[in-house]
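A.B. asks: Listed here are the chains, written in short residue letters.
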Amino acid sequence: MISLVWLIPAFPLAAFLINGLFGRRWLGHWTGVIASVAVGLSALLSIGVFLEVLGGKQQTVVGLYRWIGVGDFSVNVAALIDPLSAVMLLVVTVVSFLIFVYSNGYMAEDRGLWRFFTWMSLFVFAMLILVMADNYLLMFVGWEGVGLCSYLLIGFWFERPEPYLAAKKAFVMNRIGDWGYTIGIITIFLVFNSMNFLDIFNRLATSSMAQGVLTIICVALFFGATGKSAQLPLYSWLPDAMEGPTPVSALIHAATMVTSGVYLVARSMPLFVAAGPSLEVVGVVGAVTAIFAATIALVQFDIKRVMAYSTVSQLGYMFLALGVGAPAAAIFHLATHAFFKALLFLGSGSVIHGLSGEQDMRKMGGLRRRMPVTFWTMLIAGGALAALPPLAGFWSKDEIVAAAFVNGHFVLYAIGIITAALTAFYITRALWMTFYGEPSDHHLYDHAHESPTVMTLPLVLLGVGTAVLGIAIGFPPEQGFIHRFLDPVVEAAGVAEHAPELATILLLAVVSVAAGVVGIGIGVLMYVRHRPDPAAVARAAGPLYRLFVNKYYIDELYDHRIVEAARAIAGASWAFDIHIIDGLANRLGWALAMGGQGLRRVQTGVVGNYALTIMAGLLLMLVAYGGYAAGIFGR
Amino acid sequence: MTVPLSFYVAVSAGLFFIGCAGVLTRRNAVVILMCVELMLNAANLALVAFSRRFGAVDERGSVFVIFVFVIAAAEVAVGLAIVLSAYRNRPVIDVDEIHQMKG
Chain A
1 MISLVWLIPA FPLAAFLING LFGRRWLGHW TGVIASVAVG LSALLSIGVF
51 LEVLGGKQQT VVGLYRWIGV GDFSVNVAAL IDPLSAVMLL VVTVVSFLIF
101 VYSNGYMAED RGLWRFFTWM SLFVFAMLIL VMADNYLLMF VGWEGVGLCS
151 YLLIGFWFER PEPYLAAKKA FVMNRIGDWG YTIGIITIFL VFNSMNFLDI
201 FNRLATSSMA QGVLTIICVA LFFGATGKSA QLPLYSWLPD AMEGPTPVSA
251 LIHAATMVTS GVYLVARSMP LFVAAGPSLE VVGVVGAVTA IFAATIALVQ
301 FDIKRVMAYS TVSQLGYMFL ALGVGAPAAA IFHLATHAFF KALLFLGSGS
351 VIHGLSGEQD MRKMGGLRRR MPVTFWTMLI AGGALAALPP LAGFWSKDEI
401 VAAAFVNGHF VLYAIGIITA ALTAFYITRA LWMTFYGEPS DHHLYDHAHE
451 SPTVMTLPLV LLGVGTAVLG IAIGFPPEQG FIHRFLDPVV EAAGVAEHAP
501 ELATILLLAV VSVAAGVVGI GIGVLMYVRH RPDPAAVARA AGPLYRLFVN
551 KYYIDELYDH RIVEAARAIA GASWAFDIHI IDGLANRLGW ALAMGGQGLR
601 RVQTGVVGNY ALTIMAGLLL MLVAYGGYAA GIFGR
Chain B
1001 MTVPLSFYVA VSAGLFFIGC AGVLTRRNAV VILMCVELML NAANLALVAF
1051 SRRFGAVDER GSVFVIFVFV IAAAEVAVGL AIVLSAYRNR PVIDVDEIHQ
1101 MKG
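First to last, the protein sequences are chains A and B.
Going by this note's numbering, the first residue of the first sequence is number 1, and it counts up by one from there.
Going by this note's numbering, the first residue of the second sequence is number 1001, and it counts up by one from there.
Same shape as in the complex, but just chain A (with noise of 0.2 Å):
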C-alpha cells in the first residue's frame, strides 16, 4: 500500500483537472461529487498506508523522480512516509472528506461552485505534497500551494471588498512568513548540501554543527510557521480569513494548512533540539500567542470569529508543546485540535446556513430547539475544546501543560492552565448566546431549520470523532496509542521525554480540568444568571475591555507602524521609476531619433550625389594608402 502512496494526492489533482477545465459549462453540482469520491479513496488509500506504517513500516521513502541534480546535489520528488507523515495524511484526508460532503450542502446554492471544489481539491493536493515531501524544497512547493488556495478561497466571493482585501492580507502576510522560510532552506542548503530530511539529520547526529547557524536556521523556519500557522506576529490574517466560505475555514483555517507550521518544527525537531535556545523561542511565542488570541475571543460576537482566534489561541498551544519538547503531544492535540474545531466551524456553518447568513451571535439565541444536530454535535465539540473528560480536547491539552510542568516550563504551565480558562469561558459564551436563552431576533428564529443531511451527517461523524479519538488513542496518557506510534519520530528527535508519576499526571489533570470547570462555571454564572451581568463586567473592567475588542490594536499598529512606510517606500521607488529609469530610457530614444532625423538628409535619393561620395571615399582610400606607402603616418 506504501507504494502506492502517490496516488493519495493522485486523486485530488484529478479531481481539480477535471472540475477545472470541465466544471463550469458541464458538470454543475457533479464537480462537489467527484471532489469528494477523490479525496474519499485518498482517504481510504491513507488509511491502508496508517495500518502498514502501524505494522511496522517504520521508515518508507517513496520515490517518483529526480527533480534537480546539479553535481552531487539533488532534489527528488519523493515521499517519506514514517509515523508522523503517516498521521498527518490521516488527518488531512479524513477531515477534508467530511468537509467536502458538507460543502455539497452548504455550497449547493452558490454560483461559483465548480470553482469552490476545484480551488478545494488543488488545496488537498498541495497539502497532501507538503505532508508528504521527503525534503524541505518540495515541502515548499505545497507550502506555497496551500498559501495560494487559502488566498483563493479567502476571496471567494469577490464581488464584495472584504473577501478580496482578507485574501490578499493573508497572502502578503504568508508572503512575510514565507521570506523566513526561504531564508531558513538557502541556509540549510549551505550548511548541509542537501535538502533531504534524512540526510540533514544524519549529518545533524554524525558531525558537530556551529550552534549560530542552526540557531539562525530554525529561527527563520519558525518565522516561516508563525506566518503560515497564524502566530504572533504575523497572526492578524487569519480572523480576517473568516471572510471566506465556512467549509474553508474549517478545511484551511482550522484543521489542515494552519497546522502546517506545527508540522513542518515536528519535522525539523531534530535541527531544532541540537539549536538550544530556538526551542524556547518556540514555546514562548506558542504561550503568549494561546493567552493573547484567548482573551480576544473573549469579546467577539461574530461566531466565525471566536472560532478564528480559538483557532489561534489553539496552535499557539501545539508550539507550546513543541517548544516544551513534547512533539507528539503536539501531533496529538492536532489531531484532536482537526477534529473539534473543524466541527465547531461546521456546525458554526450550519448556523449561518439556517439562519440565511446571520453570524451575529448577538441575534440569535434558543436555536437548539431548531437545529438539534447542530447543536448536540456542537456541544461535544465545544466540551472538547474546554478540554473536558472524556471528550478529545481533554487528552490531547493535558498532555501539553503537562508537558511543561514536568519539563520545568512553570511560566508556560502557567499560562497554559489560564489560556484553558479563558478557552471554557469564550466557548461556554458562545454556544449560550447561539443556542440556549431567549430568541433575540425572532424573525431570525422563525425562519430558522436545521440543515439537510449531507450537512448533519459529517457533523455527526465529526462529533462521534471528537468524542472517542482522545480516549482511544490518548489513554493511557503520556503512554497511549499515539505515544508508541509517534515514538521513533520523537526518539529520532533526541527530545528527552520525562515520564511523570500517575500521581503527579493525575494532579496535573485535576488542575487543567479545574481551570475548564472555572471558565466554564464563570460563563454560565454571566450569561445565565447575569451575577455579574456581562455589559456591568465590560464597564468595570473598561481599558482591558476596550483593548480586548479592538484586539490589542494589532492591525492599527501594522497600519500606522509597517503599511505606511511599505507605501511610501513604494511610491518611492514608482517615482523613481518614473523619472529615473524611464525617463533614462525616454531621453535616450529621443536623442537616437534627433540623430536619426539629422542624418536622414544624407538620403538624397539622387544617384549622383551617391556616386560621387563612392568617388570621395575611393579619392580618401587612395591618398590614404599613398601615405601610409610614403610612411608619413610612421610605421
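No lab work stands behind these hints: they were computed from the structure.
Check the hints yourself; a few may be wrong.
Stated by the list, open to error - Pair ranges (Cβ atoms, derived): (1) B:VAL1092 with A:THR613: 17 to 25 Å; (2) B:ARG1088 with A:ALA624: 39 to 47 Å; (3) B:ARG1088 with A:LEU21: 36 to 44 Å; (4) A:GLY595 with B:VAL1092: 57 to 65 Å; (5) A:TYR628 with B:ARG1090: 39 to 47 Å; (6) A:ARG24 with B:GLN1100: 53 to 61 Å; (7) A:LEU592 with B:VAL1092: 34 to 42 Å; (8) A:LEU588 with B:ARG1088: 39 to 47 Å; (9) A:GLY631 with B:VAL1092: 44 to 52 Å; (10) B:SER1085 with A:TYR628: 41 to 49 Å.
Fair warning: this is a prediction, and the values are worked out from it, not measured in the lab.
Where is the CB? At the ideal position from N, CA and C, for every residue including glycine.
We have chain A; now place chain B onto it with these hints.
C.D. replies: Just chain B, lined up with the frame of chain A:
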C-alpha cells in the same frame, strides 16, 4: 620589343577616369551603366598587364579578370533591371529626376 608596363597602366588609368567622369557627369542611366563598364574594363586591363609582367611570380591576376567579367555581367543585369522598373514607374531615365527614394 615589348611595351613597357607603364604604358598599360597609363591607358588603364585613363580609361578609369574617363569612366569615372562619365558616371559623375552624365544623367542618362544607361550611359552611366556603360561608364561603370568602362571603369571595370580599366581595372581588367591593369590586372592583365600586371599578371603578364609578374607572371613568373603569380598568374592569378588574369584569373581574377574572369571574376570581374562575371561581376560586370551581373551588374549590368541588375542595373538594367532597376532602370527598366524605374522607367515603368515613371517614363524617365534621367537619374536626377528619380529621387523619390530620398530619406
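A.B. asks: Would you mind marking each hint as holding or not holding in the structure?
C.D. replies: Okay, the hints, checked on the actual structure:
1. For VAL1092 (chain B) and THR613 (chain A), the Cβ-Cβ distance of about 23 Å falls inside the hinted range of 17 to 25 Å, so the restraint holds.
2. The hinted range of 39 to 47 Å is satisfied by ARG1088 (chain B) and ALA624 (chain A), whose Cβ atoms lie roughly 42 Å apart.
3. Hint check: ARG1088 (chain B) to LEU21 (chain A), Cβ distance near 59 Å, so the stated range 36 to 44 Å is violated.
4. At roughly 34 Å, the beta carbons of GLY595 (chain A) and VAL1092 (chain B) sit outside the given window of 57 to 65 Å.
5. Remark: the range hint 39 to 47 Å for TYR628 (chain A) to ARG1090 (chain B) is upheld by a beta-carbon distance near 45 Å.
6. As the Cβ distance of ARG24 (chain A) to GLN1100 (chain B) is approximately 58 Å, the hint placing it in 53 to 61 Å holds.
7. For the hinted restraint 34 to 42 Å between LEU592 (chain A) and VAL1092 (chain B), the CB-CB distance of approximately 36 Å keeps it satisfied.
8. Checking the proposed 39 to 47 Å range against LEU588 (chain A) and ARG1088 (chain B) shows it holds: the Cβ atoms sit about 43 Å from each other.
9. Remark: the range hint 44 to 52 Å for GLY631 (chain A) to VAL1092 (chain B) is upheld by a beta-carbon distance near 50 Å.
10. Between SER1085 (chain B) and TYR628 (chain A), the C-beta spacing of about 42 Å keeps the proposed range 41 to 49 Å intact.
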